[in-house]
Amino acid sequence: MALNSKVPKGSIQNKWTDYKNKINLVNPANKRHIDVIVVGTGLAGGSAAATLAELGYNVKAFAYQDSPRRAHSIAAQGGINAAKNYQGDGDSTYRLFYDTVKGGDYRSREANVYRLAEVSANIIDQCVAQGVPFARDYGGLLDNRSFGGVLVSRTFYAKGQTGQQLLLGAYSAMNRQIARGKIEMFNRHEMLDVVKVDGKARGIIARNLITGEIERHSAHAVVVATGGYGNVYFLSTNAMGSNVTAAWKIHKKGAYFANPCYTQIHPTCIPRSGDYQSKLTLMSESLRNDGRIWVPKNLEDVKAIREGRKKPTDLSEDERDYYLERRYPAFGNLVPRDVASRAAKERCDAGYGVNATGEAVYLDFADAITRYGTEQAKIHNISNPSKEKIYDLGKAIVEAKYGNLFQMYEKIVDENPYETPMMIYPAVHYTMGGVWVDYNLMTTVPGLYCIGEANFSDHGANRLGASALMQGLADGYFVLPYTIGDYLADDIRTGKIPTDTKEFDQAEKEVKDRIDFFVNNKGTKSVDYFHKKLGKVMWDKCGMSRNEKGLKEAMTEIKAIREEFWKEVSVPGSSKEMNPELEKAGRVADFLELGELFAKDALAREESCGGHFREESAEESGPQKGEAKRNDKDFAFVSAWEYKGEPGDAVLHKEELEFKDIELKQRSYK
Amino acid sequence: MNLTLKIWRQKDSNAKGQMVDYKVTDISEHMSFLEMMDVLNEQLIESGEEPVAFDHDCREGICGMCSMYINGEAHGPDRGITTCQLHMRMFKDGDTITIEPFRAAAFPVIKDLVVDRTAFERIQQAGGYISVNTSGNTQDANAIPISKHAADEAMDAATCIGCGACVATCKNSSAMLFVGAKVSQYALLPQGQVEAADRVQNMVSQMDLEGFGNCTNTGACEVECPKGISLDNIARMNRELMKAALK
Amino acid sequence: MGGFFKSSIGRKVAMALSAFFLMFFLIIHLAVNITSLFSADLFNELSHFMGTNPLVQFALQPVLIFGVVFHFIMGFILELKNKKANGVSYAKNNGAANSSWMSRNMIYSGLVILAFIVLHFIDFWFPELNTKYVLGDMSGMHDGEYRYFHEMVEKFHNPLRVGAYVISFALLGLHLAHGFTSAFQSMGSSAGRKKTLQNIGKAYSIIIPLGFIIIALFHHFIHQH
Numbered sequence: 001m002a003l004n005s006k007v008p009k010g011s012i013q014n015k016w017t018d019y020k021n022k023i024n025l026v027n028p029a030n031k032r033h034i035d036v037i038v039v040g041t042g043l044a045g046g047s048a049a050a051t052l053a054e055l056g057y058n059v060k061a062f063a064y065q066d067s068p069r070r071a072h073s074i075a076a077q078g079g080i081n082a083a084k085n086y087q088g089d090g091d092s093t094y095r096l097f098y099d100t101v102k103g104g105d106y107r108s109r110e111a112n113v114y115r116l117a118e119v120s121a122n123i124i125d126q127c128v129a130q131g132v133p134f135a136r137d138y139g140g141l142l143d144n145r146s147f148g149g150v151l152v153s154r155t156f157y158a159k160g161q162t163g164q165q166l167l168l169g170a171y172s173a174m175n176r177q178i179a180r181g182k183i184e185m186f187n188r189h190e191m192l193d194v195v196k197v198d199g200k201a202r203g204i205i206a207r208n209l210i211t212g213e214i215e216r217h218s219a220h221a222v223v224v225a226t227g228g229y230g231n232v233y234f235l236s237t238n239a240m241g242s243n244v245t246a247a248w249k250i251h252k253k254g255a256y257f258a259n260p261c262y263t264q265i266h267p268t269c270i271p272r273s274g275d276y277q278s279k280l281t282l283m284s285e286s287l288r289n290d291g292r293i294w295v296p297k298n299l300e301d302v303k304a305i306r307e308g309r310k311k312p313t314d315l316s317e318d319e320r321d322y323y324l325e326r327r328y329p330a331f332g333n334l335v336p337r338d339v340a341s342r343a344a345k346e347r348c349d350a351g352y353g354v355n356a357t358g359e360a361v362y363l364d365f366a367d368a369i370t371r372y373g374t375e376q377a378k379i380h381n382i383s384n385p386s387k388e389k390i391y392d393l394g395k396a397i398v399e400a401k402y403g404n405l406f407q408m409y410e411k412i413v414d415e416n417p418y419e420t421p422m423m424i425y426p427a428v429h430y431t432m433g434g435v436w437v438d439y440n441l442m443t444t445v446p447g448l449y450c451i452g453e454a455n456f457s458d459h460g461a462n463r464l465g466a467s468a469l470m471q472g473l474a475d476g477y478f479v480l481p482y483t484i485g486d487y488l489a490d491d492i493r494t495g496k497i498p499t500d501t502k503e504f505d506q507a508e509k510e511v512k513d514r515i516d517f518f519v520n521n522k523g524t525k526s527v528d529y530f531h532k533k534l535g536k537v538m539w540d541k542c543g544m545s546r547n548e549k550g551l552k553e554a555m556t557e558i559k560a561i562r563e564e565f566w567k568e569v570s571v572p573g574s575s576k577e578m579n580p581e582l583e584k585a586g587r588v589a590d591f592l593e594l595g596e597l598f599a600k601d602a603l604a605r606e607e608s609c610g611g612h613f614r615e616e617s618a619e620e621s622g623p624q625k626g627e628a629k630r631n632d633k634d635f636a637f638v639s640a641w642e643y644k645g646e647p648g649d650a651v652l653h654k655e656e657l658e659f660k661d662i663e664l665k666q667r668s669y670k
Numbered sequence: 001m002n003l004t005l006k007i008w009r010q011k012d013s014n015a016k017g018q019m020v021d022y023k024v025t026d027i028s029e030h031m032s033f034l035e036m037m038d039v040l041n042e043q044l045i046e047s048g049e050e051p052v053a054f055d056h057d058c059r060e061g062i063c064g065m066c067s068m069y070i071n072g073e074a075h076g077p078d079r080g081i082t083t084c085q086l087h088m089r090m091f092k093d094g095d096t097i098t099i100e101p102f103r104a105a106a107f108p109v110i111k112d113l114v115v116d117r118t119a120f121e122r123i124q125q126a127g128g129y130i131s132v133n134t135s136g137n138t139q140d141a142n143a144i145p146i147s148k149h150a151a152d153e154a155m156d157a158a159t160c161i162g163c164g165a166c167v168a169t170c171k172n173s174s175a176m177l178f179v180g181a182k183v184s185q186y187a188l189l190p191q192g193q194v195e196a197a198d199r200v201q202n203m204v205s206q207m208d209l210e211g212f213g214n215c216t217n218t219g220a221c222e223v224e225c226p227k228g229i230s231l232d233n234i235a236r237m238n239r240e241l242m243k244a245a246l247k
Numbered sequence: 001m002g003g004f005f006k007s008s009i010g011r012k013v014a015m016a017l018s019a020f021f022l023m024f025f026l027i028i029h030l031a032v033n034i035t036s037l038f039s040a041d042l043f044n045e046l047s048h049f050m051g052t053n054p055l056v057q058f059a060l061q062p063v064l065i066f067g068v069v070f071h072f073i074m075g076f077i078l079e080l081k082n083k084k085a086n087g088v089s090y091a092k093n094n095g096a097a098n099s100s101w102m103s104r105n106m107i108y109s110g111l112v113i114l115a116f117i118v119l120h121f122i123d124f125w126f127p128e129l130n131t132k133y134v135l136g137d138m139s140g141m142h143d144g145e146y147r148y149f150h151e152m153v154e155k156f157h158n159p160l161r162v163g164a165y166v167i168s169f170a171l172l173g174l175h176l177a178h179g180f181t182s183a184f185q186s187m188g189s190s191a192g193r194k195k196t197l198q199n200i201g202k203a204y205s206i207i208i209p210l211g212f213i214i215i216a217l218f219h220h221f222i223h224q225h
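Protein chains in written order, with full-length UniProt numbering: chain A, 1 to 670; chain B, 1 to 247; chain C, 1 to 225.
Calculated directly from the structure, the hints in this document are not laboratory data.
Misleading hints may appear alongside valid ones.
Here are the simulated distance ranges between beta carbons [what the hints assert, rightly or not]:
1) 69/C - 94/B: 49 to 57 Å
2) 670/A - 94/B: 50 to 58 Å
3) 147/B - 3/C: 29 to 37 Å
4) 403/A - 196/C: 28 to 36 Å
5) 307/A - 95/B: 26 to 34 Å
Every residue, glycine too, gets a C-beta built ideally from N, C-alpha and C.
Given only the sequences and the hints, what does the whole structure look like? Please build it.
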C-alpha cells in the first residue's frame, strides 16, 4: 500500500485553516449515534476523550491505571512551549515551527509541525480557562522560562510539575464528561487487540485487570493514545507500566510503524546504582545551565574514586577533564541532549565512569556557587569576603534555582550535591518514533487513529524540550476532534457496531489463547528476567551510538531471547484475577518483537540524525570530526514498516519528506 | 541487610486476608522500597508462590499510584515522599517491617496491598472541574491577571497527587484534605468563582456519600501528605461550604 | 441550610459552635468560682445572682444544658460514623508519628468530662434544683447566712472527690488543648493554626482547668475541720 500523507495543498500558513473550512463535519444530532474508543488517558488521550465527548460523541476511554490522572504525562517537569510571544522577544508561529523542525534534525513532516505551532497558543488559553495554575509574575501575567536549543523564551510552566497540572486539567475536562455520561471510563483495563471489520477499526478487546475478564468493546472509530515505548530498554524514565502493547497490536493488524529507532536519551538522569534498579529518574535539563560536566583525566584517579580512596573534590583542576567544554567550546555544557549523552557514553566506554557501575560522570556546581557568591558579595557591597561567605551566598542562589532537584538527588543517592559533585548518566526518556499517521492522525487502518507520543508525527529524529506536552494536547484538543469528523461523517447511518460477530470472536480467541499460554506455561524464568536481558541488548547495541555489526547482532540476539521467552517464561497465578505478572508478560512479549524491528530500522537508516547516531555516518575530517553526519540525499524520508508475520520480515515503505519552507542545514555546536 | 517482612495478603476483595511473614536477604541500602518488594517478588516467583500485588507506576513520586502503609505510617517513615521514593537506608539490618494496604471503608482492598480508590474519582466527577468546553476560543490567557500569590497558593493545592495517604492516615478515614485541596485550587482562581457554590456542595455531598469520615483536625494528613498539602485547604473548604449554605 | 448541618462539614461547624459557647461558659464559671479564694461574701452574692436571676435561670441555663448535651451527642455520633468509615484497623499504626495524643483521644477525654459533669450535677446542680424549685426556697439562705460558700467548702472535704475533680480537670485541659484551635479550623478560619491563637489556646487550656484545680485544692486544704 502506498503511503498517502494527505497533506492539504496550499501555503503552509493557510493549510490547516483552509482544510478545516472544507472538512466534513458530523451534525450535532448525529454525533450521539456515533461511538469512539479512546485508549490511553494521558495528555493526548485525555484531552481527546474530553473534547470528543463535548462535541457529542459517545466516548469509551480506557486506562490501565486506576485513574486517568496517573498517566505518565504527569511526570513531565519542565514546561510547555507556545508561540504566544508574551515576552515580545520575537517569537512567532513560524519561529516555533522552524525550531521544532530544526531540533528534529529535519526528519519531521513540515505541515504537521506548522499546525502544531499554530495551535500551540490555543492550548495555553484553554488550560488557563480550565484553571491550570501556571506560574505568574508579580503583575499577575503568565511567566515564561527559556529552554534548550532555542533563542526565545516561550515555555509556560507550573513549578516543576507542568505535566501534572496539564494532565489534571485534561482529567478535569474528562470528569465533567464522565459526570454527564458522555464518557464511559474503564479504569484498570488494558487493550489487548484491535478488531477490524471490513478493513475498518471497529472495536477493541480489553482485559479487566481486576477480574481478568476479557471484554469486547465496539465503536465507529478507535483512537490509540498509549504513549511511547522507551521501556523496551527495561531501564528508562518511563513509568513501570508504560508499554507498546496497544501500538504494537495495531501495527500487527495493519498500521505501519514509523521510525522506531528514533529515541531520545536524556543526559541528566540519576545513574543506576545496581542490578536491582527498576527505573531511572530524570533531573531537569536546566541543571546544565550552571553545572560543569567532567570526569577525571587519569584512570588511576578513576580507580581511586571508585574504591573510595579519593573524593572528587580532592582532584585539582588540572586533573579534571571537562570534556564537553573541551570538545564543544562554543556551546560547552549546553550542547543538545543527544550530543551531551553521546559524549558521556564515550568517556564512560573509555573507562572514565566515576561510580561502581562505571556509568556516571560528574555534574559540578562548585564553580557556579563561587561565581554566584562573588556576584552576591558585590551586590551586597561586601569587601574582601571570606571563602566561606562566598560559598554561603552562592549556595543560597543555587538552592533557590535548583533546590527541589538537589533535594530529590540527595533522597535517592544519599549524597549532598552542594558538597560533592552530582553524578549523572544518560537514560532513555522519549521515543520520537511510533505509529505512522497521516495529516488527519489516522493510521494506515481506516478508522484507527494514533495521537501523542504513540504516533511518530511531529518531532522528527529528536524532540526539543517542552514540546511533548504541546504535541499531546494539540493532537487531543485541537486536531483529532476535527479530523476524525471527516471520517465519521460516513458513519452516521451505520448504527451500533455489534460485538457478536466473527471478527470479535476471532480477536477475542487470539487474546485468550495467548493469556492461557502464559498462565499454563511451565517455564522457569520470570518475565523480568527476559525484560532485563532485552534491555541490555537494546542499551548496548541500539543505544546512544549504533553500528552495523551491533545492530545485526541485536536482531539475532533479540530473536533468540524471544524464542527463549516463549519456552521458558513463568507466570504465576491465574488469568481470572488481578495478576501483574501476567500483564507484564504480555507487554514484554510485544517489546521483544518491537525490539527487533527497532534494530532493523536503525540498521536500514545508514545516516546519523537526531537521536539516531550511526558510527559509520560521522564526519571524517575537519573541525566537525567525529560528529553526526546526516545524509539528506538518501535518507530524507520517514521509514514506515509494514508487519509481515515476523518483525524481521517487516517491509519498508518510504514517505519522502519535502522541505519547502525551511532550508536544510547541518547542526554544529563546535 | 536482612529483613523480616510482615505483609497483608488477600486473594481478592471477597477473601479474608491475613498478615504473612517473609524474609529477604542481601538488601542494599541504596534500593528503593519498591525495589526491595521487587526482590521479594522475584524470590516468590522462583519458589512457585504468588508474588505480592501492589500498586506502583511512575516510581518518581508523582503519579500517586503507590500506596503502602509501612510500619504504621502511610508511605513509610520518611517525610515528603511517596513509597516509591522511600529508600532502604531508612531501615536497619534485622528490622521487621509491617506492610499493610491503605485502610478505609471507602478504599476496599482489591488484592494484597492494592486498594480501590475510585471513590476519589467520583468526588472529582461531582464538581472538580471548571465547565468550559475545549474550543480553543476562550479568551486570551493573559486577559485576566491573577495575583502571583493566589496563583502560587492555587498551585500548592493543585500539587495533590491523589494517592490517598491522607485518608489512610486519618483516624477517621476522612478525605477532607484531598477534597479541600481541589476545592481550594478553584476557589483561589477567578475562573473557579462562577461555579464555586455548586462545586463545594456537590463535592462534599459526594464525599459524604462515599463513606469517608469526618475531620477532627488532628493534622495527621498534612504530616503524612507526600506533597505537603496544607490543612489551610480544609479550613478554606469549610469556609466555602458555609458561604455556599448562606447564599 | 438544613442540608448544610446534615453534611459532614456542617456537623463539624455545629461542634465548633457549641464548643465556643462552652468555652465561653467556662470563663464565666471560673470567674465566679475564683472569688471564693479571697471573698466568701462576693462568691455568695454572685452565686445567688446566678442562681436566682430569671434571665440566667430560664434563658442561659437551658441553652447551656442544650449546648452540653448537643456537644456530647454530636461527638458520639461523629465518633461512631468515623469508626464506621475506618473499616479494618491496622495491625500496626504509629499515630504518634503524625499527631498529638490529645487530638486522637478527644472521645476519651470527653467521656471523662462527661462522667465529671454527672458527678458535678449530683454534687451541686441537683441539690440546687431541689432546694429552689421542689422545696421552693429561693432565699439562698441557711441558718441566717448565704449557704453557697459553705456548701462548696463542705463538698471539698472529701479527698476522693477532690482527686476526681483534679483528674477530670487535667483531662479537660487536654481536651481544650486540641479543641480550642480545632474549633477555629472547623469554622473555616486558618487563624487557629497561627502562632497567636495557638498560644492563646495553650494558655486557655492550662489556665482554666488549673484555676478550677486550685480552687478545689485550696478549699480542701484551707478549711480542714
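Do residue 69/C and residue 94/B keep their Cβ atoms within the hinted range of 49 to 57 Å? holds (54 Å)
C-beta pair residue 147/B, residue 3/C: status relative to the range 29 to 37 Å that was hinted: At 33 Å between Cβs, range holds.
Return holds or violated for the Cβ distance of residue 307/A and residue 95/B against the range 26 to 34 Å. Hint holds: Cβ distance 29 Å, inside 26 to 34 Å.
CB-CB spacing for residue 196/C and residue 403/A relative to the 28 to 36 Å hint: holds (30 Å)
Falls inside 50 to 58 Å, the C-beta gap from residue 670/A to residue 94/B? About 57 Å separates the Cβ atoms of residue 670/A and residue 94/B, which means 50 to 58 Å holds.
The earlier numbered hints are all upheld by this structure, with none contradicted.
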